[in-house]
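Colleague: Sequence:
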Amino acid sequence: MRVPSLLLATVVATIHPIGSSAFAPSSPLTRSNVASSSSTVSFAPSITQHIHVPSSSLRTSSSRSNTRLFMGWGPDPIWSTGTVEGNVIQACPSGSCVSIKIGVEDGTGFLYPGQYVQVRPADDENAKPIFLAIASAPTGTPPKRTVPGKKTSEADAAAGPEPPVPATWEFLIKKTDNNDWITSATSGSTVAISQVMGGGFPVDENIEGFKYDFPTQNLLLFATGSGIAPIRSAIESKRLNIAPPGGGGRTCTLYYGARTPDDLSYVSKFPEWEELGVQVVPVISQPDLPNVSGAVWQGRTGYVQNALEEDGVAIPRNSGALLCGVKGMCEGVKSMLMESGVFEGRVLTNF
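Residue numbers (mature numbering (1 follows the signal peptide of the UniProt record, and there is no 0)): -22 to -1, 1 to 329.
To be clear, the hints were calculated from the coordinates, so they are not data collected in a lab.
Do not rely on the hints blindly, as some may be mistaken.
[What the hints assert, rightly or not] With a straight-line cut-off of 27 Å between C-alpha atoms, the simulated DSS-like cross-links for lysine-lysine are: (1) Lys189 x Lys312; (2) Lys189 x Lys153; (3) Lys153 x Lys122; (4) Lys106 x Lys305.
Given the sequences, and given the hints that come with them, work out the whole structure.
Modeller: Below, the structure written as C-alpha cells:
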C-alpha cells in the first residue's frame, strides 16, 4: 500500500530503502471538545528571530485496551490511553508539536528513528486513526547486532530484555480540517494510542559498515513540511555518527523545504543540530508570500531538489541519505542521488 503523500510524516509505513521489491485518565478527548563537491550553504541568520518553537507534551498510562482495528497493512494496533500534558502549542502556522508520555511497554518499544504510532479519539473506537511519526529520540535500547561467526557472550545472554522505562514523545502534526480533535486538544484530555510500529530508518544496516564497499562519510538529510519530524528523531538519536564541526569524520547536511519561513518547524533547534555537526539548509518555495514577521527571506529559494542540484553530491559512493516528505521531493532527490553514484540501498525513506 502506498501512503498518500499529502499526509507527509503524519502518515508513515515501515521504513525501507527506496526502490526495495508515524496514570489517571481524565476527561476524554472528543471531537466536540477537542556529482560535484558540495558547496557551503548557510541560511538567513535572522531566521531564529522570526519563529519561536515552544515545547509541549502528552502523557499516557500502561492500561491497555483489547480493541483492535485492522488497517489492511502492518500489525493490528493494541490501544492504550494517552493524556495530553499541557496545551498543544503551534510549532508553525501549518502544524503543532505534541508530546506524548507513554506507558512502560510502549516506551521500551521505541527503538529506532522513524518509527510511528497510531492515534485516535479516546471515545470513538470506530474512528479512523492518524499515523504519527515520533519526533523525539528513541527511548528504548535496540538489541546488539549479531556478528556472523561470533558467539553471544554469557553476559549478553543473561541480560534479558530491557527494563521498563517511561518516556515522553513529541509529534509534529500537520493541521487539517479533520484533526482538530488533537491539534486543539487541551491539557488533561485523553487519546487512544497504539504500540510502536515500523522498523525505523535502517541506519545500522545500510549506512554503517562496509556493506556497499565504501564507508559512509557524507550523510544527506531531506525533509519537507512535517516530514522533519522523523528526521529530527534521527538527528537527536545521535546514532548517525556525525562529526562535530571541525572534528573531521562524517559530515551531514539537512535540506528542509517549506512554503514560507513561517512554515518551518523546530527552528529553535537549528543551532543545537548544527552543534552536533548538521549543516541546516532551509529552502523556501514561495518566499514572496506574506509572513508573520514581515521580513524578507534571504536564504535558499525553490525546492529541495533545486538546492541539491545546485550543490551536487560530494563523494557520492561514500554518501547516504534519509528522506521524508512529499512524493515528488523524494522521487526527485532519489533520482539525483542515484545518477550521481549514491548506492540505492543507502537512500532510505519512510514510505
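Colleague: With reference to the structure, classify each hint as holding or not holding.
Modeller: Here is what the structure says about each hint:
no. : hint            : verdict
1   : Lys189 x Lys312 : holds, 19 Å
2   : Lys189 x Lys153 : violated, 40 Å
3   : Lys153 x Lys122 : violated, 38 Å
4   : Lys106 x Lys305 : holds, 23 Å
Violation of the numbered hints given earlier is confined to hints 2 and 3; the remaining hints are satisfied by the structure.
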